[in-house]
Each structure stands twice: as structure tokens, then as C-alpha cells.
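If you're matching them up, the sequences are chains U and W in order. My numbering applies: residue 1 is where the first sequence begins, and numbers increase by one. My numbering applies: residue 1001 is where the second sequence begins, and numbers increase by one.
In case anyone wonders, no lab produced these hints; they're calculated from the structure. Note that the structure is predicted; figures quoted are calculated from it, not measured. Glycine is no exception: its CB is placed at the ideal position from the N, C-alpha and C atoms. Treat the hints with caution; some may be incorrect.
Unchecked claim - Pair ranges (Cβ atoms, derived):
| # | chain 1 | residue 1 | chain 2 | residue 2 | range |
| --- | --- | --- | --- | --- | --- |
| 1 | W | P1127 | U | A270 | 26 to 32 Å |
| 2 | W | G1395 | U | G114 | 41 to 47 Å |
| 3 | W | Q1317 | U | P284 | 54 to 60 Å |
| 4 | W | T1179 | U | V58 | 40 to 46 Å |
| 5 | U | A158 | W | D1216 | 41 to 47 Å |
| 6 | W | R1414 | U | L101 | 45 to 51 Å |
| 7 | W | A1285 | U | V58 | 16 to 22 Å |
| 8 | W | Q1317 | U | T93 | 49 to 55 Å |
Unchecked claim - Stretches of chain W that chain U covers, calculated by requiring three or more beta carbons in the stretch to come under 8 Å of a beta carbon on chain U:
| # | region |
| --- | --- |
| 9 | 1054-1064 |
| 10 | 1166-1178 |
| 11 | 1212-1225 |
| 12 | 1253-1262 |
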Amino acid sequence: MVASDLLLNAVVAGVLLGGFYTAVSLGVSVAFGLLDVVNIAHPVFVILGSYLAYAMNVTLGLDPILTGLAFTPAFYALGVAVYRVYYASFEKTGQESLRGLVFFFGVLFIVEVGLLLQFGVDYRLVEAGYIGETLRLGPLSVALRLAVPCLVALALTAALAAVLHGTSYGRAIRAVAQDSFALRLMGVDPVRVKAFAFGLATATASLAGALLIMIGPVEPAMNREYIGRVFAIAVLGGMGSVGGTLAAAVILGVAESLTATFYGPSWALAVSFGILLLTLAVRPAGLFGQA
Amino acid sequence: MRQAALRTASRPSRLLALSVLLALVAALAGPGVAPAAAAQPIKIGFGMALTGGLAGNGKAALLAMQIWAEDVNRKGGLLGRPVELVYYDDQTKPANVPGIYTKLLDIDKVDFVVSGYGTNLIAPAMPIVIERKLTFMALFGLNNNEKFGYRNYFQIMPAGPRPAVDWSAGFFELASKQTPRPTTVALVGADAEYPHNALAGARENVRKFGFKTVYDSTYPPTTVDYTPIVRAVKAVNPDIVYVASYPPDSAGIVLAAHEVGLQPKLFGGGMVGLQFAALLSKLGAKLNGIVNYDFWVPEPTLKFPGIEEFLKKYQAQAEKAGVDPLGYYLPPFAYAYLQILGQAIEATRSLDQQKVADYIRATEHDTIVGKVRFAPNGEWATSRVLQIQFQHVEGTDLAQFTRPGKRPVLHPERRRSGTLIYPYTRAR
């Protein structure tokens, strides 16, 4: 393979990976970026989505994406419920910073151990017709296992952006992020809006989990590997900016892919976080964030 | 009326009543009233990966160890005392190990400790056992004793006296015998203890057999997408691709190899995870052609006495325990490493660490994985790393792996049960 072929394929692989990272990070971008809720349990909700996709795939032969879509309302309800508990216990009394974090740690462990007890410790994979197939377009070879999640992730991102910018609910969410007191003066209950937003954030985990298990094998403790990545992407993109999350995720995906191809994969994560640090040094609000 | 009668009963009749009561209680308590020392169990303590990346294997090993304890206790225990396993979940986190073993020794006061599963989880226990001069049976660690040279360490994995080199020697020896003789090698592995050791040994074998390394790189274990790495390997067009990986990376690399169209002449080597039922059934025919290490497969050249009986017991309980339903990889060896310890305790009729260790070192042991003899460094005196090739695997049915033919042994010659399909592309 000529170097330019390799470069092209590496960039495309990075973009596809970045698309997938977007799906996993959207929830944190909304919850942490807009609502200031440090939801470190978001990756474990993604893993929960993966296991649901696995269970439906094994028992009913359902395509993982269909399962992801089908469970989105349930995840929304879960998000609203978790937020309500979090609000009543911590945010209302102003103790959200440290104790709220501990709360989400607790949620993380409960869900992780619940998955362990239910599904066991073995790695799980799903089967679908397109997993393992490759599209060849000239010098480019695109694995459908990565391309399909990327496309679905882009659709999810577009949908979320449409809600946030095109509906009155979305406007209310952006308003509560700016000034929740002013919103109250307008006659809107900020707590209801925040619960809706958090539910929306958690709802994305359902589909993101389905995409995750399409890409590779999943086991319950894997959620911890994603915590650093998703928060890095949310911060890099600019807190609460959906477009920023996409841009940041793609940048990190391409950086990982190029480093792995040309300089040695050990450096991939170091390069990603190096980019994050550089960006924050130059633009502390992130790429698309408002200071 | 009755109360008055009791109160006025004379002292001797009250004493008599009390004695009769005590005697009744003693009789009903039964054999439990025997001297405490004889009923005191012999405690064997260990940490084990019951959660985390290696838990699939760790839990299977635990089941095998529990079967051993049941078998031993059914035959009357060791030295007339029942055996008790005391264990904690190390969560596949090396940082948990020192605390667990200190607790086992200082608080639970176990009589013997054995290791958890895996190179990364054995390493942190070594300083503790060395400091306290304990006998240490170890379960599947690659070259953990190299830097210590501890005399009471015994490794049940049949890597051989020079584990890092013997690990891949069979793979590269097979390569060297093929026509056309391959010339270039790509070495890939995760950034962790096991792959580091395996790749170090592989480099020596590459030198020994006169191959040329054209790619030599490691990746972070948390890598999500392996296609860039596999593409980079394909770009240098190696004849041989040797991979030292753990289960998620093994699956990721096999999938990526297919998508990218990686077609070396020989592919595989040190991929952990391709022995587990979960990955066997999911990867199915994608495994065809891969030559990988293993330690026991249901081939006719490996029928050791006791192994089939053990596997029957294990497989009957595996599904309920939620562990690997086949149990070919780790469970027989988890049973065997306790078998050796138990036999040594019985033979020396003592719980003295040094006496037991000396006996283990000096004897050839009969176990369900065959005859085991240790070299002075605690590894097997003769290597028995099998190289198998996945051949004619169809679909995702697990039952095909319980019969001979899908994973014939190609090396060592003594255990060979099939022929290598070479190059890799011919087996696909």
C-alpha cells in the first residue's frame, strides 16, 4: 500500500471512529456542558444499552440499532428519574459538586454490578448482516462495522441538534444553562426543563450502546475506559455545543487513527489528550464553547 | 402448682436434671464434639479475577478449584482434615493483589496461598510470598519468576524452562519449516506485562530462525478500533504476523484483519481469548487459518487420565455458574495446580512450606493434564505449548469444538494430530 493510500484510509477510519465517539459523548455534552451535572455514570448507561442490544439480538435476533431505538424512551424515563433523585438530594441543597459526584459513582457501580450479576463476566458480541463486511471504493476500504455506527451517530447528532435549536423545549434547555433564575422569572420551571434535558442526554445512551457493541466486544467494567474520553470530548468541543462535540470527537478520532498508523499506537491516547490540553490553553472555552 | 414443686425440689435432683440435660445435648450434638484440631480445615487462600477483563477465565478457574476441593473432601480431605478455599475478587486489577494476599496471610491465617490467574496478577504477589518464604503454585503467568529466581515458585502453565522464548518457539519453528519459507515478521501486542514478555521472546525467536522484523509495535489496551493498526501492518506486507493480545484485542484484531484484508502466510501466535467459548462461537469461521497457542484441545493425542472425567463434572456445572461452557483452557490446569499442592501435602505429611516446596520440585506429578515435572526456576522442565490451527470451522455452533478436527495440534511433534494448511489464505 502506498503511503497516500494508507493516509487516506487512516483519516477515513479516524472520521468513522470520531462519529462513534460523538454518539457516546453527546449525553455528557448535554448533562455536563449544559446542566453542569458531572454524570460519570453516562458510560455505564451506554454499556447498559449495549447489553440490551445483545440480549435482544440473542433472544429475538433483533438488529442492534432497532433495539437501541426501541429502548430510547425507557432510557429517557431512567434519565428523568435519576435526575429527580439527584436534584432532590443534592442540587436543591447546593451540595452537587462533591456529593453529587459520589452519587453518580454509586449509580455507576450499581449498574455495573447489576450487569455483571445478570449477564456474567464474559465478553459479548452481536451478530448482524453488515458486521464484518467491507466496502471497497478504489484505494479506500471502509469497514461497515465502523461506517454504520458513524452514520447512525451522525443522525443522532442531527436529531439532538434539531431538538436543542429548533424546538421551544430545546430553547428552554439552552436558557436554563445560561441563567436558570431568569428562566424562573419567565414562568418556566427550570427543574422540569433540566429533568427533560437529562432524560434526553441519557436517552442517547441507548443507541450509543447499540453502536458500541457493534464495533467490538463489551463487558461491564469497560465503562471506566470511556469516562476520560467522553469528558475530554465534551470539554474540547465546548460545553454544551452539539456541533462542537462532533468536531472534537472527529478530531480526536483522526488523531488516534493517524498516530496508530504512522507513529505507533501507544502514543494515540497521549496525542488525543495533548490536543485537548493545547486547545484549552489557547481557547479555554473549548472549540465552539461560549466563554 | 408446678412452679411451687420446682422451687421446693431438692438440690441433688436439680443437679441430676441438669446433668441429664447436658448429656442429651452432647449426644444430639453428635460428632461435632470431637477434638477441635481434627476438624480444623486446611485453608488455601488466593485472589482470583472474578470481575474485569480476565474474569471469564478467572471464574472458570474458580469452579475447577471448587471441584478439586469437593473431590478431595469426598475422599477424606488432606491429612484427615477438610480443605477450605478462601478467596477474594482481585477484579483483574494488579493493585488489589498485595492487599488481598496480606489479608489472607495475616487475618484469615491461611495455611497455603496459590496465585490468581494471569501474568499481571501474579507479579504483585511475588514480593509477598518471597518475603515470607511460601510455596507458591502459580496459574498461567508468563515468566513471572525471571527477575526473582525464587525457588519455591511453581508454574502450572506448560510454557517451558525458558517461558518467554518457548511461548512462541513452536510458532516460529512451524514457520521455518514451510515452503516457500517466509522471511518477514510483524510483531504486534498490547502494552501490558503478558504481551511484553511474549514479544520479548518472539524477538529472540525471530533472530534464532533468521527472520526479518518489518513491524514491531504495541498499542494501548483500551484501543477501540484496531483497523489503523492492522492497516499499518498490512502496509509493510509481512509474511508472518505474530500477535500477543488479550481477549478484547484478539477479537478486535481478528475482525479488523478481515475487514482490511490482511493476508500474511502465517497469522496468530499469542492471542489470548481465542480459546474461550464466547469468542469461538462469535468469531466462528473468521478464525479459520489462524495458528495460535493452546494447552488442551479435544484431540486424540491429549487424552490424559482423569481429564475427561473432570471435564464432565465441570461442564455439568458450568452453565449454572455462568462460566465458559467448554472449560478446555484454564479449568484443567486450575484443578491440576491444586492437585499437585494437595499431593505434596499428603506425601510429606506436613504443612511446612519448605518441605512441601522441596517435594514438589523433586517429584514428577501425575495430574489430569498429564505428568508434570518442574525445572529449577519453577517452570515446566519440558515445554508443552501447543500450536493449533483453526480449520474448517463453520458457523457459530459451539458443539463443533468439542470434537477433534477443528483445532488440530501441529506442534510439538509428539502431540501432532493434523497438518498445517499453509499459507493462511488457503485455509479461509
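Verification of the hints:
1. W:P1127 x U:A270: 26 to 32 Å: holds, 30 Å
2. W:G1395 x U:G114: 41 to 47 Å: violated, 32 Å
3. W:Q1317 x U:P284: 54 to 60 Å: holds, 58 Å
4. W:T1179 x U:V58: 40 to 46 Å: Distance hint for T1179 of chain W, V58 of chain U holds at roughly 44 Å.
5. U:A158 x W:D1216: 41 to 47 Å: Given range 41 to 47 Å: holds, Cβ gap about 43 Å.
6. W:R1414 x U:L101: 45 to 51 Å: Since the Cβ atoms of R1414 of chain W and L101 of chain U sit about 59 Å apart, the hinted range of 45 to 51 Å is violated.
7. W:A1285 x U:V58: 16 to 22 Å: holds, 19 Å
8. W:Q1317 x U:T93: 49 to 55 Å: Holds: the Cβ-Cβ distance is about 50 Å, inside 49 to 55 Å.
9. 1054-1064: holds (count 4)
10. 1166-1178: With 0 residues close enough to chain U, the hint is violated.
11. 1212-1225: It holds: at least three residues are needed, and the region 1212-1225 of chain W offers 8 whose Cβ sits within less than 8 Å of chain U.
12. 1253-1262: holds (count 6)
Checked against the numbered hints above, the structure violates hints 2, 6 and 10; every other hint is satisfied.
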